[in-house]
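**Q** Assemble chains F, A and Y onto chain C, guided by the hints.
Residue numbers (the working numbering), protein chains in the order written: chain C, 1 to 300; chain F, 1 to 300; chain A, 1 to 300; chain Y, 1 to 300.
Note that these hints are calculated values from the structure, not bench results.
One or more hints might be untrue.
The list treats identical chains as interchangeable, and a pair is accepted whether it falls inside one copy or across any two copies.
[Unchecked claim] Under the rule of at most 30 Å between Cα atoms (straight-line distance), these lysine-lysine pairs were calculated in the DSS-like manner: (1) Lys204 with Lys107; (2) Lys69 with Lys153; (3) Lys222 with Lys211; (4) Lys83 with Lys69; (5) Lys49 with Lys204; (6) Lys49 with Lys69; (7) Lys222 with Lys38; (8) Lys153 with Lys204; (9) Lys107 with Lys211; (10) Lys250 with Lys83; (11) Lys107 with Lys250.
Since the structure is predicted, the reported quantities are computational estimates derived from the model, not experimental observations.
What follows is the residue order along each chain.
There are 4 protein chains.
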Amino acid sequence: MTSIAFIGLGHMGAPMAANLVKSGVMVKVFDLVPEAMKSLTDVGALAAKSACGAASGADVVITMLPAGKHVRALYLGEGSSDKGLLDVLAAGTLLIDCSTIDAQSAKHVAEVAASKGFEFVDAPVSGGTAGAAAGTLTFICGGSDSGFEQASKVLSHMGANILHAGGPGAGQVAKICNNMLLSVLMIATSESLQMGIDHGLDPKVLSEIMKVSSGGNWTLDKYNPCPDVMESVPSSNGYQGGFMVDLMVKDLGLSQEAALLTNSCTPMGALARSLYVNHARQGNGTRDFSSIFEQFSNIQ
Amino acid sequence: MTSIAFIGLGHMGAPMAANLVKSGVMVKVFDLVPEAMKSLTDVGALAAKSACGAASGADVVITMLPAGKHVRALYLGEGSSDKGLLDVLAAGTLLIDCSTIDAQSAKHVAEVAASKGFEFVDAPVSGGTAGAAAGTLTFICGGSDSGFEQASKVLSHMGANILHAGGPGAGQVAKICNNMLLSVLMIATSESLQMGIDHGLDPKVLSEIMKVSSGGNWTLDKYNPCPDVMESVPSSNGYQGGFMVDLMVKDLGLSQEAALLTNSCTPMGALARSLYVNHARQGNGTRDFSSIFEQFSNIQ
Amino acid sequence: MTSIAFIGLGHMGAPMAANLVKSGVMVKVFDLVPEAMKSLTDVGALAAKSACGAASGADVVITMLPAGKHVRALYLGEGSSDKGLLDVLAAGTLLIDCSTIDAQSAKHVAEVAASKGFEFVDAPVSGGTAGAAAGTLTFICGGSDSGFEQASKVLSHMGANILHAGGPGAGQVAKICNNMLLSVLMIATSESLQMGIDHGLDPKVLSEIMKVSSGGNWTLDKYNPCPDVMESVPSSNGYQGGFMVDLMVKDLGLSQEAALLTNSCTPMGALARSLYVNHARQGNGTRDFSSIFEQFSNIQ
Amino acid sequence: MTSIAFIGLGHMGAPMAANLVKSGVMVKVFDLVPEAMKSLTDVGALAAKSACGAASGADVVITMLPAGKHVRALYLGEGSSDKGLLDVLAAGTLLIDCSTIDAQSAKHVAEVAASKGFEFVDAPVSGGTAGAAAGTLTFICGGSDSGFEQASKVLSHMGANILHAGGPGAGQVAKICNNMLLSVLMIATSESLQMGIDHGLDPKVLSEIMKVSSGGNWTLDKYNPCPDVMESVPSSNGYQGGFMVDLMVKDLGLSQEAALLTNSCTPMGALARSLYVNHARQGNGTRDFSSIFEQFSNIQ
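In isolation and in its complexed conformation, chain C is listed as follows (with noise of 0.2 Å):
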């Protein structure tokens, strides 16, 4: 039987390390935070003292941390005073990171690992809060053929889509790419709603229309931005739960690093990440990322 250590236990690492729990493996946790223990101890989780102390023995180690500076210090001491998680654990390990971070530190950090001899996956998701609890998550990972088929056994767990982007780094790439999309698709969406009852039409109807018309996007299948068209989304229930601002600010901010790096040419990028700041900073930094429909459609 695999033993699994889960790191990171935030408002996604939680409910993904519990849907583990419930697919009967032996799961070992750590977060700094008790009360996160806690919630995973409750369920049939092992406490484990320290990060290090969790992944000592694992078979497998998945990490849900917030940036690329907590990567890096984990895995390579990188700015810690603790050793590297690749200086400590048994070669082998199969190591797992579901953090959505910069892709330069996701390949640096599996280049290290590779010289050491352990598969690393980058395997940032795509889903939010609600796909994390009932295990429906996308992975998008990064890394090579064999650590790609092993990390999917155990992902299988947490989401329905395990999706191959390349090799190392390459799962946070494509995830920002997604985001950046997305955001843009949001904004769009929103917008482009506003405009036709600006003009007098029903929302509802109008994004019948064109969610079967070429303007089809995700966000008028699952994520409607306008109030009271589709039920149970965000945005029926005053912007709460889903996937919050501040997250979605913090991935264009990625997506806009990125594009810097390769001098790509990003104008819909980089006008949705000065438009989602600009909520952001208005003090919507923890509503649903649809609330930027309020921007269109505010009339005071």
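**A** Chains F, A and Y alone, transformed into the frame defined by chain C:
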């Protein structure tokens, strides 16, 4: 048996009228261009010597014209030496305008038509020349319920989806909302794909990933702008055919005109218009609108 | 001695007319708002009972109205139950329209005026209410050389700069080109200053540096948007007074209308319109247009 | 008599060093390119065999390098097989870095320098190659008051304006704030002029009008982007010379990097970067940055 007048046999009108002929109804056509007329009489349509000649005695009049001023000239006689159709035709004739024009003109003609006892339906199309030829167009209609019901029967010979957006003019509004959104989808998908390519990803793999993720949209499903990702789309055929840049520029102009009328805020749509106008001014006006991809990919 | 009719006594028109009165000419005024009339008769203007009554017998007619439709209604009688001034006044009366309106209307009225023997000069103003009160406005004129020459003498009592942009309508075009540019200067200066502040720079020091460098522009010289950098500007007075956001939105609407007519590509101007419409929709319509600075500075 | 080391003799560095030589001080130079060295020894500079050789014994070291990594390599030895200058030079040597680099690198080198007893001043320049040749550059400095005071004396031989933006790194921040603003001024002025031209206005007349109105900005005063409006500017010389598009792309990259660090919202700057990257990718990288005008004027 219904007799139908079809006026305006351009790139879209001609194949649409041909499908009507194939459906078995009697179709009388008119266009100022003799070659356009011939292509229809070759397949069985009757030729008229004038728009009025085509329309006289028809049960249904369908028009497919370039702009609002042509529609107003034909139906109302505005700025024309001829009488308008509304002053000539028998009340009760069903009038269907499939042109993509400004909503104000559509509403105005519909009002005058109603005052004289006609049903007038604005029914702009979506789907391009390929859809026109295949009879798989989407019609987005504005008008009364009864007008829509009657028009649906006729339009079903030329399209696969007949949608009712609302009252008079609503078809035009919904169409430009949709096409504004589409233009943004196309650009944002292009820049996201190219950013992935710039970072070493395979555009086919990245397209597959985004298609099933939250970046999913019509352009990834049906019309990938990156050459050689999909077969049988303009991007894999030198950006020939499909929906011309100049037509997208026209629709984006209509969308911005509409935004000005209602003081709507459409930052993405406005940027899309700028990028498409720029693209057209660089000599790409007659290429397919997915050729905007080259604005992001070309490296000298 | 010249007698002048002044029609339209709003925030701009009233102080302009008052300066004319002070210059010693006889001024007959009209406005629909009695209080506006009283403010002028208090300083020595004569009151007329109608626009036509003010204009009859005047050597010069000056109009300051909200939009093109009002100008067309007054001069041409379009959509009005009254005859147009052009059908009533003695040929030879000099007509000066200081309104900011669409160039098409200005050109059209000028053409009709010319056909009836009038010189018509479009002379929109720049400089805000402060400039109107101080008599330091800039007039940007369109019309014939002789029309401009005559108009200049009159306008010199109300402004410091009388500029000739070209033939009929050119004043309006130049005005909206200028104001489109101004809106971008204001936003770009705001975001640059705030980025400096975000990095710890003193906005006064940064303003001084950019003012003498290649970032130098009118807003840094005369109208710094960052509070407490300059004295006696709206930003140091809670963004009261000055040039209202709603008026900038109006001018940006005219600029985008003009861009659509000629298929011009104005990405910065289009983005500026979106940002100002958004700002207005958030309840800032009556504040000074430099308050857009808060869109970049506000942190919750 | 002061002896100065000048390291980095590119398009900007070479004429700057030449002006130092002309001022009468002893200048020892180093560059990796022999031709660059020769152009300076021809006018009286002494040649060194290495950067370190130039700097040893100098009272002042001036560097003009392409990017932050080169500055860190030279001063700190980062990623280099040589020791850093800070480990070699006598404490007390005044260090002036005129490169345009990221503010973080500038701050970091300044901190290490301070810890070892050096004054380090970041002094990026503005004014282009023409300003470098004429000795009329603007230096925007970051550093202590005493460091700035000492540096000013040296820089005055190469520039007309020596400005103090704040502490370490502030010169770099102010420079990229300014250049981000400049890029927007250039684009917005271009699109406004072209819109005027599209409506029949004379760009010379329109330029004169906007120059004295609220659209006034540096590009209208010194660097009109429309051909044949001003003499002796790149736009009247096929966009040769001046400040290259590729350098503007570099500065806009630095500005967006800075915006990401502080979560600043810079919609105009972000759009300007997209438009300039696009312009560069179309083969205009080595032309003057005012050639962006052609993006708005070209009609096929």
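**Q** Taking the hints in turn, state whether each one holds.
**A** Here is how each hint holds up against the structure:
Taking CA atoms no more than 30 Å apart as the test, lysine 204 paired with lysine 107 passes between copies only; the shortest distance there is 21 Å, against 44 Å inside one copy. With identical chains, the CA atoms of lysine 69 and lysine 153 are at most 30 Å apart within one copy only, with a shortest distance of 28 Å there and 42 Å across copies. Taking the closest pair of Cα atoms, lysine 222 and lysine 211 come within 30 Å of each other both inside a single copy (10 Å) and across two copies (14 Å). Both within a single protomer and between protomers do lysine 83 and lysine 69 lie at most 30 Å apart by alpha-carbon distance, with minima of 15 Å and 28 Å respectively.
Proximity of lysine 49 and lysine 204 under a CA criterion of 30 Å is satisfied in neither setting, with 51 Å inside one chain copy and 44 Å between copies. Within a single copy, lysine 49 and lysine 69 get their C-alpha atoms as close as 21 Å, which meets the 30 Å cut-off; across copies the closest is 40 Å, which misses it. Proximity of lysine 222 to lysine 38 under the C-alpha cut-off of 30 Å is found in neither arrangement, the shortest distances being 33 Å within a copy and 47 Å between copies. In this homomeric assembly, lysine 153 and lysine 204 come within 30 Å of each other (Cα to Cα) only across copies, at 24 Å, whereas the closest approach inside a single copy is 40 Å.
For the homomeric pair lysine 107 and lysine 211, the shortest alpha-carbon distance between copies (25 Å) is at most 30 Å, but the shortest distance inside one copy (38 Å) is not. Taking identical chains as interchangeable, the C-alpha atoms of lysine 250 and lysine 83 lie at most 30 Å apart only when both belong to the same chain, with a minimum of 28 Å there against 38 Å between chains. Proximity of lysine 107 and lysine 250 under a CA criterion of 30 Å is satisfied in both settings, with 19 Å inside one chain copy and 25 Å between copies.
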